[in-house]
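*Asks:* Chain by chain, the residues run as shown.
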Amino acid sequence: MDFLNYAFMQRALLAAVLVGVTAPAIGIYLVQRRQALMGDGIGHVAMTGVGLGFLLSSSPVWMATAVSVLGALLMELIRWYGRTRGDIALAMLFYGGMAGGVMFINMAPTGSNANLMTYLFGSLSTVSPSDVLAICLLAGFVVLVTLGLRRQLFAVSHDEEFARVTGLPVRALNLLTAVTAAVTVTVAMRVVGLLLVSALMVVPVAAAQQLTRSFAMTFAIAVALGITVTVSGTIASFYQDVPPGATIVLLTIAAFVVLTALAARLARRRARAAAAAGSGRNPAECVIPAARGTEEEINA
Amino acid sequence: METHGEPVISLRGVRADLGGRPVLRGIDLAVGQGEVVALLGANGSGKSTAIRTVIGQVPVADGGIELFGTPRRAFRGWARVGYVPQRTTAGGGVPATVAEIVSSGRLARTRFGLFRKDDRDAVRDALEQVGMADRAKDSVNALSGGQHQRVLIARALVARPELLIMDEPMAGVDLVSQEILARTLRTQVEAGTTVLLVLHELGPLEPLIDRAVVLRDGCVVHDGPPPRAAAGTLRPGHDHVHPHAGATEPIRTGLLS
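For the record, the sequence lines run as chains E and A.
First residue of the first sequence: 1, per the working numbering; consecutive thereafter.
First residue of the second sequence: 1001, per the working numbering; consecutive thereafter.
Looking at chain A on its own, in the form it has when it is part of the complex (with noise of 0.2 angstroms):
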């Protein structure tokens, strides 16, 4: 495995409990410089409370977490940081249009919520990355589900991050979508952007990833390459994405204990 340097991610230690059950039991991670980590495992296993104590959205028990070498905690540069939260909808309790909700991610570049040329421009280069400048200015409920995970992706992308925390961006998205995804992330990736996302099954976006770590139970089982499927069976670009097919264990190697 090469190495990448400085880890743009560090978790140390962490444990997090959610309603008194320990849901993290002492998370070990590091994602390097320019690296792109997927983070695996069943329903249940943690993955996504792991990527929401980096965020500061799940308290910590205990351990330690570094962004760019900062304490969480003292971190303030969160306009180097695009976040995809796992949604169904990129929607509200009132109408806005899909420009409007990817605005909302500049407000980090932004001083004071004051947009200039500048921030206009990224909204508009982030909706063509995703493919979605055309509809701009049409509500987000007029969207499809794969639509409306290319929007929350622009909205993570309109900041111009060194570093995206993606939770389950390939959940409930059609082809179409899955693909333009794969290729934004493809771009982002040449770019030099550092990625941790959380992922059901490594699917179309299996070429991009260097490393996967695997957690059961709230503990890293596996921290390496990818596990690659059986051959024959399951090659990138013919992968089916069942988001919800069943509790069933999406790793499909002999690679983990």
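In isolation and in its complexed conformation, chain E is listed as follows (with noise of 0.2 angstroms):
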């Protein structure tokens, strides 16, 4: 256990915690929405809040948030009103926000495209102490809304016309979602980076889903997972020296792969104690009767 007697990855270690807990905390809402890869589209957007924090030699993680959060209000604002061509409006979003960030790096005095490097794919010996404090507070912010509005985002994630008719503010809960899906991209992005975040928001859930059959059942484990993959991710690639991001996100494709063909045989098994259970009456395979009746007693 001597990586914990390192400052450096006593934070980075932190910031894995929050990031497991997090990314799947969002990423349950938007994969029930079928809006998985909106954490990619806000993590391109978010590019261009790095390059802006370089040029204006402010703090990255900050203006990240900003950016990211506008990003994202501006594509659920396209979604409620572009709705022909949204999909271009999106595109065109995501690869200005690339674009953006590659540009502004450029332009910084202190900005080079390694610097931008470590924010794509993420980097745990860069995470400093005002990293530590930015993350833990929008990490607070993001449990804040995950776990305390459960109930309404799970509403309108579920079925958005039915969640209007309850009452609840389906814009502002839309919204809501897109901010704090914002957020958490700037929580993940130094850990697991801004092009491996959506990773983190979607494979956790999509792997606890094989064995699930509730929503709160899935929730919890997708985050049991999400902090089990980042918390080894990072002691990984301190003795390995292995990029975090990249482990991170292996382990956690290797970890649905488990589950998946675990959940076959788990399947597989409940449906041979079905049929035994109900071997009497409702035999597992169709029975052909011996002989066919009378077209009278078909038709009875």
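Bear in mind the hints are in silico, worked out from the structure with no lab data behind them.
Accuracy of the hints is not assured; some may be wrong.
[Unchecked claim] Interface residues of chain E toward chain A, partial, derived using beta-carbon atoms under 10 angstroms:
hint	residue
1	Tyr6
2	Ala155
3	His158
4	Glu160
5	Ala163
[Said to hold, decoys possible] Listing some non-contacts, in silico: residues in chain A with all C-beta distances to chain E over 10 angstroms:
hint	residue
6	Arg1052
7	Val1060
8	Gly1064
9	Thr1070
10	Pro1095
11	Thr1110
12	Arg1116
13	Ser1144
14	Asp1174
15	Gly1192
16	Cys1219
17	Val1220
Virtual Cβ for every residue (Gly too), placed ideally from N, Cα, C.
Two chains, two frames, a set of hints: combine them into the complex.
*Replies:* What follows is the structure, encoded as structure tokens:
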């Protein structure tokens, strides 16, 4: 456990835990709304914020938060109003955001593409004490929203039309979801990087739902899995000198594959148990009668 | 036709467009308290759109809508309204149990979404009404089409609404579920609930319906007693439901223009 002796590792592990909690916590609502790639889009937009942070010599984390919140709100507005060509508008937002990031960081006196790389794919050794403070505050906001408003967010993400008739403020909740997703992107930026953030929002949820029947259990398992992979990926990158973001994402996908295989076996066993329990009345396979009845019997 | 007092729903000259095409071309409709009104019409006649203007899902180009005597834009008493949208599934992108789905209908009656014992009891009651109490902890993905519809109806009933708005509740529903739904609706109507429902054909709900409003091309062409099936052919309980059996007009009588 000698990695705990290093201050930068303590900061990195704290950030990793917070990312492991927040990314699946908001990601589950995005998956439920079938907007699994929204986090990816926000990650692209956040690059402009990082670039601006360098250019203006202010904190890239806070600047990225501001820009990605604006980008997320813009995406939500496009979803409302621009139904027909919404995908084109989103594409321009994504790639404009990425190009803006590269441009700004090149214009910045202290910036270089090497700097940008640490934001794109994550870097533990560069998590500064001020980053940790920002990450803690932002993660607190995400946890408050995703747990405190879980019933409201569930209802809106599940069936917007119905949620409106229960009198929920659907637009406000949609905007809050978008803002929370944007904040989560910047929480996760230092650990897994902007281009891999979305994987941590989506894959733990997809892995958890291989095993679960309820939303609450999916939420719990996805968060537990999120923490497991971010912490173990962080520790692995300390010993092996591998990039933490890539390690964490590959671990998550491995977990998904293992759980999917387990789920298939579980389903087979449940089916067999059900067949054994109901073998008297409802055999698992159709039984062909020995002889056909008369036409009257069939029509009776 | 008996009078039913103050209208619970009132539409006056409602027009609505979808994608630049006029779908409703000046609809007048009033549903009195305790009344059960069926909206009938062929596919594309505007019956679902009419219901969706009432709940505010489709914007109104012209005309006025009132709910319980309040203009819809100012209406805030959504706990009094239960809505069953036209959906083929109660599921979403993430697994959810029957009880979780039904609970979301209770939010109108809770403060900040905090559930008390009353709320949990209401969820159990609603599930018992549709005969799904034993499936409360099951994933909705494991249910049949008819059971999905029963879950959606339980979700609408859980807030104990005074007005039920349903869009094709019988579409794609097996016979057992149809009977349970008809029984549930009868209990609601006996308790005084007002009902506005879109139907493709009257089917097993026929005995419950006080009045039928028939739409064609976005206009009301009939407002009065439900069109009766020709004698001897289709009686309630013997009616088959083919939810999407072509775009043929489901009304079989000469009552309509």
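*Asks:* Which hints, by number, does the structure contradict?
*Replies:* Of the numbered hints, 1, 6, 10, 11 do not hold.
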